[in-house]
Every structure is written in C-alpha cells, then in structure tokens.
Amino acid sequence: MPITTPVSPRVFKAIEKSDIHTLACCREEEIRPILPCLVRLSLIAPLDLSAECIAGRFVVLRILSGIEVVNSLVALLSIDFPALEADVKKEQQLRQKLGGGGQGESVLVQNMANGLALEFECSDPTRRLRLLLSELLLVMAQIREPRPDFYHKSSELFDNPCYLAEVSDVLCIALAELPSLLPPAEVAEALLHVTHGPTLISHMVANQPDCFREVVTGLVVNGDKQDEDSPGGLLRLQAVRTLCQMNPSQALNVRALCVEQCRMPGLAVYLTLDAGKAGSGLSGSGSHSEGGDVVSYVTGLLLSHNHQQRTWFAQFVKSGQRRKYEHQASSALAALRTDLSERLRNLLLFNSGADDTLPDSQVIHATALLRLYCALKSLANLKFSEDKEIGLLLQLVTCRPPPSAAGVRFVSTGLCMLIACPSLISSAENERRASEWIKWLVKEEAYFAGASGVSSSFGAMLLLMAIHFHVQQLSAIIELVSAALGMKIITRATNLSRIKYIFTHDVFTEQVVTAHAVKVPVTLGLNANIPGFLPVHCVYHQLKSRMFTKHKVPIKDWIYNQICASSTPLHPVMPQLVEVYVNSIILPASKGAPTDNFNEPISEQEIMAVFSQSIFTERTSVKSRSSSGRVGASRCTWRGGSAMLRGKWPPGQSHSPAASLATTSTQTSSRTTVGATGSPDVASVMTSQLLLLYYLLLYQDVRLSNTHQLLANTRRVHAYSPHLFAQLPIRYLLSHAQKEQRLYAGLFSPLLKLLVSHYPQLCLVEDWLYQSPPSHSRLGILPPKVPLDPPSVARAMEGAADNSGRLLVLLDRLMQLPPHHLWPLAAPLTANIKCLLQPGVPRKVLDTYRQVWFRLNSLFPRRLWAMTVEGLLPAELLGRTHRTLTEDDIVLDPLYVLRCDHRIYRCAPLLQIVIYMLQVYLLSSRTFLSQQMQNTPVLTAPSPASMVGGSGGGGGNTTSPQALEEEREKLRGALVLTQESAAVQILLEACLIKQHLREGEAEALTQQEVRSIVCSYIHQAFLKDTTLAKLVHFQGYPDELVGPVVRGVPSMHIAIGLNWIPELLQLPDLDKQLFAIELTSHLALQNAMPSTLSISRLGINTLATLLSVLGEDERLKIMEWSLHCVVRMGRAFPALVDDLLHLLVLYGRVAAAQAALSPAPAPKCVAFLDSMEEGKVVELRGDGMAVVEKMDYEECAPAGSPSSPSPKTQLPRRLPREDKLYASIIAAFRKLVNESTMTHNLY
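Heads up: the sequence shown at position 902 corresponds to 901 in numbering that gives the first Met the number 0, and the numbers run straight through without jumps.
Mixed in with the good hints there might be a few duds.
Ranges between beta-carbon positions, derived for each pair [to be verified]:
{"#": "1", "residue 1": "P247", "residue 2": "S303", "range": "20 to 28 Å"}
{"#": "2", "residue 1": "S1011", "residue 2": "I529", "range": "53 to 61 Å"}
{"#": "3", "residue 1": "G839", "residue 2": "A744", "range": "36 to 44 Å"}
{"#": "4", "residue 1": "W439", "residue 2": "F927", "range": "35 to 43 Å"}
{"#": "5", "residue 1": "A54", "residue 2": "T241", "range": "45 to 53 Å"}
{"#": "6", "residue 1": "E765", "residue 2": "I529", "range": "33 to 41 Å"}
{"#": "7", "residue 1": "A744", "residue 2": "L894", "range": "23 to 31 Å"}
{"#": "8", "residue 1": "Q1019", "residue 2": "H717", "range": "37 to 45 Å"}
Computed list of lysine to aspartate or glutamate pairs in EDC-like fashion (alpha-carbon distance at most 16 Å, straight line) [what the hints assert, rightly or not]:
{"#": "9", "residue 1": "K1116", "residue 2": "D1138"}
{"#": "10", "residue 1": "K276", "residue 2": "E341"}
{"#": "11", "residue 1": "K833", "residue 2": "E765"}
{"#": "12", "residue 1": "K551", "residue 2": "D505"}
{"#": "13", "residue 1": "K1071", "residue 2": "E1113"}
Treat the hints as calculated values from the structure; they're not laboratory data.
Note that the structure is a prediction, hence the values are computed from the model and not measured.
We treat Cβ as the ideally placed atom computed from N, Cα and C, and that holds for glycine.
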C-alpha cells in the first residue's frame, strides 16, 4: 500500500477529535498513515468503561481487522520499551560526546554485518526500532554542528521509498512510547535533513495531533528570513505547508506567526493562496471577495505600520524577481502574480459593452486591486510583465465606473496609478487609450460630482495635476499621488514625460486650466474635515505659479466667495491661499518683470458686507439652520452697523440691548441669503471675518514692505483707508481665535504676528493676562428696577454723587451682561464719566465702573478709547473745539489723553484707565509714524539748491537717500521720545502734593495710590526704552519727587547700570549737577552696590571741586542743597564717612569765612557757636529761619509778665544766611556721624 498519499484534512480532524465513526467511513489508503495511532489505541487499556467508549473500541477493532500490516505494528508495540529507553539515553550521551563523528560507534546497534537497509528489512521489531533510533539520533547530533550550507543526510534507510511506510510506522511508535527522549519539534527539525522528510513529519504529527502547534512553531521560528533562497528553506516551506494542508483550520495562525517573526514569506503567500482556492474567508464573514483575502492581506503587509514587516515582505518580492527558476510554478511570487492576473481577467469579464463600463458591484474590488499593484510597484519595485500584466492593468484602469462615491475613488486611484506606474503607457497604443480616458474624465467630471454627492471629486485632482505639470513641479505631483494612495511613491521624473505630454498638450493647455479653475464652484462649508483634493488646492497652486495673471483671468470673486463659504475647523490651505493672493496683487512674478499683470484686490464694499453681519450669533446646529431659513433675516446695512460701532443709534430704533443686537445680527442659518443689502452668502461669520482680517493685515504689511519697489516702478497700489480698519472688531476677533486655536490652526500665529507689527496697542501683555473678575454681587436684583437703556444710564451717571446706590445697582447689572450686549451703552457711560469725579462718589462705584470699562475694552477698544478721551476733556477745552474728537486726532497727538480734567489725578481707579489709554495711544503714534515713513520713502535726494530755493548751480553736493532716511528715522525717534518724555513729566507733576491737599489722612492715602500707579507706568516705560529714562532725568523734575520716584520705580537702577549720571554731572548747568547729586544719594540708599559707591565718590569729588571754583552765591547754594545728600550717602556707604566729614569740614570753613566777610555779622557769633557745643537745639525751618534758644545777653521780658515765654520755649529769630548755613552744617555733621556709624554698630 503506498504511503506517499498525504494525510487528508478529514482524517486529521477525525483523529484529532477522536471521531471514530468518521474514520470508519474512510478508505483504507486514507487511514494508512495513522495506523500506528489506531493500533496503539486498540491495545491500551481504556480508563473510560462507558458503553460509548466500548462501542468505539469495537469500531476501531473492526477498522483494523482487515488490514494486514496491523500485525507488524502490534509486534512493534510488544517489545521491552524500558530497556530500550535506557539504551537510548546511553546513545544520546555517546552522541553528545562524539558529536556528528563516530558513525560506526553505537550503543543501540552493534555487530551490523550487512548494510543498514538490508539489516532493517531482515531484523525483528526490536532491532528495527534500534536501527531507526540510532540513525535518527546521529542526524540530530550532526545538525547541531555549525555548517555553512544546508546539510542533507544520505541514508539507505530514509532514501529508499520502499521502506518509507515501515520507517514511518516505527518512527511514530518510538515517539509515542519514548516522549521524554524524543521531543517532536527536535525530531521534525532533524527529519528536514533526510529524504522524504516533509512526508515523515506530516505522518508523525497526524499520529500525535496535539503536537501540531509545537512542531509548526519550531519549524517557523527556526526558518530563514527568505525561505526560497536555499534548499533547506524550500524543504521547510514544503513541510509546514503540508502540515497546514492537513490541518487547514490552523493555517491562518501559522501565517500570523510568519508575519510576527518576519520569517518564511513564501509560506505566508502559499497559505494565503491555498486558503483562497479552498474558498475559506479568513475572517469567517462574507466581507472578502471570492478567492480569499489575497489582495487585502498583501496590501496590508506592504502598507503595514511596522517597518520591519514592510521591509521583510518587500525584500521577498525583490529577491523573487532576481531568482531564476527552472519551473516558475515553484515560486511563491510567481504563484501570487498568477493569482492576481487571474483576478484582473475575472474583473474585466464583467465589463459590459464596448465602452468598458465597470459594474457597481466590482468597483471596490477593482480599486483595491489597483492599489495593491501600485504598492507592489512603488514599495517592492515589482516589474510588470509586458504580455501578462501591463495590458490587463491599463484595460482595468481605463474602465468607466458608475457615478458613485466608489466610482470617484476608483477614478482617483486609476489616475494615481498612471503616475506611479508610467510603464503602463510605454507603447503608443496604451498612450492613446489613456489619453482618451482622461478626456472622458474631464467631460464627465461635473456629472460625477453631482450624481455621486462627493464634495471632493476627481476633477480637482485632474486640475491640480495639470497645474503641476505646467509649472514643472513633478515632485509636487509625486507628493500628491503619494497622499492620495496612502503610500510613498518612488518614480523618476524622466519617466513621466508621456503622461506629462497627455496632460499639457492633449487635455489641459495652460489657458484651459486657468479658465476652468475659475468656473469650478467653491466648496460650500469648506473645513479641515473635508478630505481629498478640492478646488481650493487647484486655485492655490495656480495663484502660486501666477497662471491667472499670465492669462488675465480674474480670480478675485472666486477667492472672495470661498472665504465667505469657509467654516470651522479652518482648512489649512485657506491661510496659504490668502498669502499667495496678496502677493499676486502687489508683487511681480519676478524682480525683472515690473510690467506683469496683477490680480484685483477685494473692494472695501465687499469687506464691509461681511463685517456688517453679526459675529455673536454663530451657527450651532443643523436643526436651527433648517428652521431659520423660514425666518426673515434682519440684517442691518453697513451704515447702521458703523453707527453701532460709534455708540450711536439710527433714528427710530430702540435703545434696548436686545433691539440693538437684533439690528446688527443675522438669524441663525446655514448660509445667509443675499438680501436687498447685497450681503454675501456666509457659512461662518467668524471664520470669514478672521480670514478677511488676515487678508487686510497681510495686504498692508506686504504693501508697506515693498513701497520702495512700487514707487521705483511708478506703480500705484490700492491702499485701504484707516476708516475701514477703525470699524473692524479686531480685538474681539483675535481673542476668539486665541480661545479657539484648535478651530483656527494655521491662522492664529500669522495673524498675531501681523497685529503685533501693525497694531501693537491691541496686543498688550496686560490685555492677554486680564480676566474679568466674576461678579458674585446680587445688587442688581435690588429695587428699583432700572431699565438698561442709554437715557437711564446717563441719568444714573449724572446722579453719581447724590444717588450713588442707583448707579451701583445699574453697574452691577451691566457686569452680568456679555460684552456685545453691553456695547450699546458705551456712549452714555463714557460721555458722563466726569460725573464720577465729583466729591462723595463711593470707591465701590469707581471700581465697578472700571471693571465695566475693561469689559467694553474687549470688544471695540479703539472706539472706546476715543469716546473716553473725549468724555474726560475739560469744559474749557471742549468749548474751543467744534468737532468730535476722533482716533486719528489722538494718534497724532497722544497727549490729548493727559489734557483731561485735573480731578482725574486724584481718582486712582479712573487714573488707571487714563494711563492705560496713554500707553496704547503712545504705541499707536509710534506705529503710525513708522508706517508714514514706509508710505513715503525717499527715492532721490534733492539738491541743496532746491532745498533752499536756489535757482541755479548743478554742482552742489546731494545727500544720499540712505542718509536722508537715517535722518528721518532720527527725527521720528526724537519725536517719539519727546511725546513719551512729556507724558512722564506731566504724570510726575501730577504726583506733587498741592498745598491745599497737604493735610488730611484720606488725601494722603489717595496721593500715595496715585503715585503708585504713576510709578508703575514709569517703571514699564523705562524698561521698554532706557533712553527715555535718560532723557527724563536730563530734563529734570522737582527735587521733592526724586525720593518717591527712586523708591517707587524699580527700574531706576538703570541710571547706575547705564552709567549716565557722570554725564549729568558734567553738564555746565549747576541745577542739573545738584539734581544728579540728589538722585545719586537716593539711589545709594535704594541700591547699595559697588557701582553706586563709585558714582557717590564721584559726586563727593564734584562737590569739592565746585566749591573751589564757583562764586559766593553758588557756593552757598551748593552747600545748602547738598547737606541732606551727604547724610544719605554716608548712611548708605559708611566707607565714605571720611570723605564726607572732610567735605563737611570744608563746608564749615567756607561758611565761617563767608560769615566773617559779611557786612553785618550776627552779634555774639562766638557765643552762638558755644551754644552749639553745649548741645542746645538748633534747627532749620522750612522758611529759612533758624530756631535757637535765646541767649542770656539778649533782652527778655520780665518774669511773670504775659509776654514772658517759658524757659524752655524756643524763639525763632532771623540769622544771616551764613550763620544759618553754619548751624545746618553742624547738624548735618552730627546726623552723618550718628546714622553712618552708630546705626551700623561700627564702634
């Protein structure tokens, strides 16, 4: 009976599950391989004595009863296996010692007179077992030795097919009876090195079904990376494949193991093909096409996220093409290609008619197959067969699918395949066929887009490819195809010449491309969630390559409509589209081509039409969109909207916040309809307004940056009016984009950059950090119920002093409103702000008003600033002006902010608002001056004669434009510094305590708070521009403010760090020198550093020098002003005490000498000096009088008289200036010694 018959899956499944009745139905040749297992089963005493088990044993005996070979198997099972086991162990020890050598030595077989085959045939069962085990253990020992090539054991016993049945029986019984000595996995590994090894392995596993997984795992794990590169790999592949054919239910697990270990790819392919031929779906469902999952499996391997698996399978395909086979059928790659070719033929059989129409049921399968071929070509470098594959592939690619979403995907994949596999159109006939198909696509694109309902049709991809081909951007085409297919395409640019010719000459000429792009409708509701290639991609690349301007095709309306149709999340191409559009309006295509055509900018009316719509009622749900279409959209015209921005209302409209909001808002709808006002369709108001704001800012930036070039080319470019920018809610749009950055990715960062450059006043750090405090107050519910309309707010503001409770309740209610509901009340709140400066207004009212003002500041800040400045102007200044103050007026002269009512400087909450406005207007003025210089650059310098109005002389030297620009920049910087220094000086003057406010604790606290606010502003100003600090101190300010400024402005240390105090000491003005010494003394106390010590020593030397060179009056002035400075320096630096005492001694000598030369010296001057030595009190009063005790020589009133003072009463008397100075010097001397030495515990 031949035993080469493979074990059938039915027999293996029956023996695995002990299905005796199925085995009874099998033929004798089918159960021949598993006879050892059945015989052993019949001889073993059963543990289960049930009737079913006994009946099963009878069935087994009936199966074996008619088979002759069973008797020999019974004899094999009747030998002494314990003795055999002992000899096998000795044999293993011997082989472990001798290795693969010593083939003549064996414990199991001795005295073998004949050959191995003859000895096996003539021996008894015991000796047969010994002979087989001896030969098997020898092979197992030999394969452990390292060898460069695959080792094949030549053996008479294994090579002769006539002994194969008996060898298989003996082997199976030996494994069953000696399981601990012969592991199945090791035995299977050894059998691979003998003839008929795969057959023996399958019989071994069939008789022991439980070892299937162990054997297969061992064979796969020990396999090669590429299993078809060596004879051993092929034998291993055959063995595992035979096992999987015997047990097909485990084929998928074995395939998964191959992929996991990245070994034996040929086996994985064969298992996939075998499963397909058997018609077994891998997932157990009907999701796969007929023939298994070959396409999806191979595609998954090539596009796997695991790089190791992807490289492993790609190498299998590459090595399979290099390998030369005598019989191509033995190659796994050849079998795979044959299967795929057969699938191509089967798909083409479904084509109906002469127009190659592909049925809808086959479109998805055809798309997957094309994508697989693209992956094989690009990732595994598969070369298509000219006679088998290229013709079939091109025929499938050029099929005409039905108009559905799957059909659109099929066409897109086909287009990409023509790029990824240029060999498909290598012949003229194939090129003609591809050209006709592309022309058909162009003609049917609109029908496909409408019938399929897919927003990203293949028309955009066609147009985009044509654009890239025209501008020679072949790498961009490859990137486009890679993104569409989801894989990296590797194609040489030289191989795209044929397809490029089809696109640029046969189908899409350059003029056709540009004309077609404008006619493509915009994508409604364009957002980042829409996949694929859209018309916006085509327009973007055409704008970038300047194809519209080259052929004079207007594109402005299309871009404007696409901006209006954009929604959130913002599509990433939209900011790039705006950028290239702005460049195409202003900049030429190349530097040497100033006569290029340019695109038209968006008009101000179109921009106003979008901004006239409300930004506070965004679309929230589809249901509201559909229902709102039945409601009439009440949209205000731009005139009404601008009136709202100015805080005014059109006549006849209500002043309530709800009515005001309804005036400027649109009803919630998916797209606003075009009404009588001509408003455009807007999908998302906020998105469209942000894109238009970005367009305006970018336009202004590019125009100002290229003004020189524009003027040099004598080209005038439209400039948007400042009035347009003044009406835009820039701050609100920016804050919304900042909060929703996930919706506006790619727009917020460039938008913020442009705003910082052109509108820095809207990007202050404190504005980003400011958060409106939560209002936990419930004052708004108190009676009386004040209506929230402008007249009520105006009346409440006017009665702030008399009826502050009413105003507080109203302000608390305003704090509960959102900013856009609060804005209609901005006009009365700012127009009556001076009412809050009246005496008796509670601090709570002022603080709440400031919070309300800053909430309004988050919406339309620039208009609010102008209204507030106008409301704070004093009555006398308002009487001289006959027009409303505008923002332009304040930008030109920022000091308008400080020309407010003088009472503002004694109201800290409102002063914070004023200083905030001063800061933003100074920034606005600085930016305005810079933009004015950019708007009017100097191209050619005038001659000196023309500058002075001379008539002749062409020989005068002209100044270069660069020098004039530098001079203009210096003048601009000087003007900015003048404005800022004037603002600082005015604020410092406001810190002076007026004479009528010097008394009273409340006034002192208010003044202290005002000084703190002013010093905080000065600190920031000095840090921003250190030159400003130097200029302010060179200008000087009242001496009584030097101390508060040094203590309240931390940045005053820059006077020491930048070392400009020595420059101040070198000025020829004595007052400036004394101011420098006063400043140095205060800085010494505040910042006691080595550099301060050096400057203090310089100040002491300067005083000594001035004392020796100046006249009498100047010397006295110096000594009078510097005494307190000397004491402060000594307190800060005790190391200077010696120099300071020497200076005071010098002061005393000079004062004494001056007193001696006085024409009318004081009487008893010596007695006066003696009284000083006796410790009597001598002080200097603020009015210049010296307060001393009366001397005993002076006349006194009689004791007891009314005019007689008490003995300890101090009487003021006037002394000469020199004597008073002398007394002050002595007092300063004492104070210096006390504060510089005693307080520091130096002695």
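Cross-check of the supplied hints:
1. P247 <-> S303: 20 to 28 Å: Since the Cβ atoms of P247 and S303 sit about 25 Å apart, the hinted range of 20 to 28 Å holds.
2. S1011 <-> I529: 53 to 61 Å: At roughly 55 Å between Cβ atoms, I529 and S1011 fall inside 53 to 61 Å, so the hint holds.
3. G839 <-> A744: 36 to 44 Å: This hint is violated: roughly 54 Å between Cβ atoms.
4. W439 <-> F927: 35 to 43 Å: This hint is violated: roughly 60 Å between Cβ atoms.
5. A54 <-> T241: 45 to 53 Å: Because 34 Å falls outside the window, the suggested range is violated.
6. E765 <-> I529: 33 to 41 Å: Roughly 40 Å apart at Cβ, these two residues keep to the hinted range, so it holds.
7. A744 <-> L894: 23 to 31 Å: violated, 42 Å
8. Q1019 <-> H717: 37 to 45 Å: Once the Cβ atoms are compared, 38 Å apart, the range 37 to 45 Å for H717 and Q1019 holds.
9. K1116 <-> D1138: violated, 20 Å
10. K276 <-> E341: holds, 12 Å
11. K833 <-> E765: Judged against 16 Å, a Cα distance of about 25 Å means the pair is violated.
12. K551 <-> D505: Status violated; Cα separation ~23 Å.
13. K1071 <-> E1113: Roughly 13 Å between the alpha carbons, so the hint for K1071 and E1113 holds.
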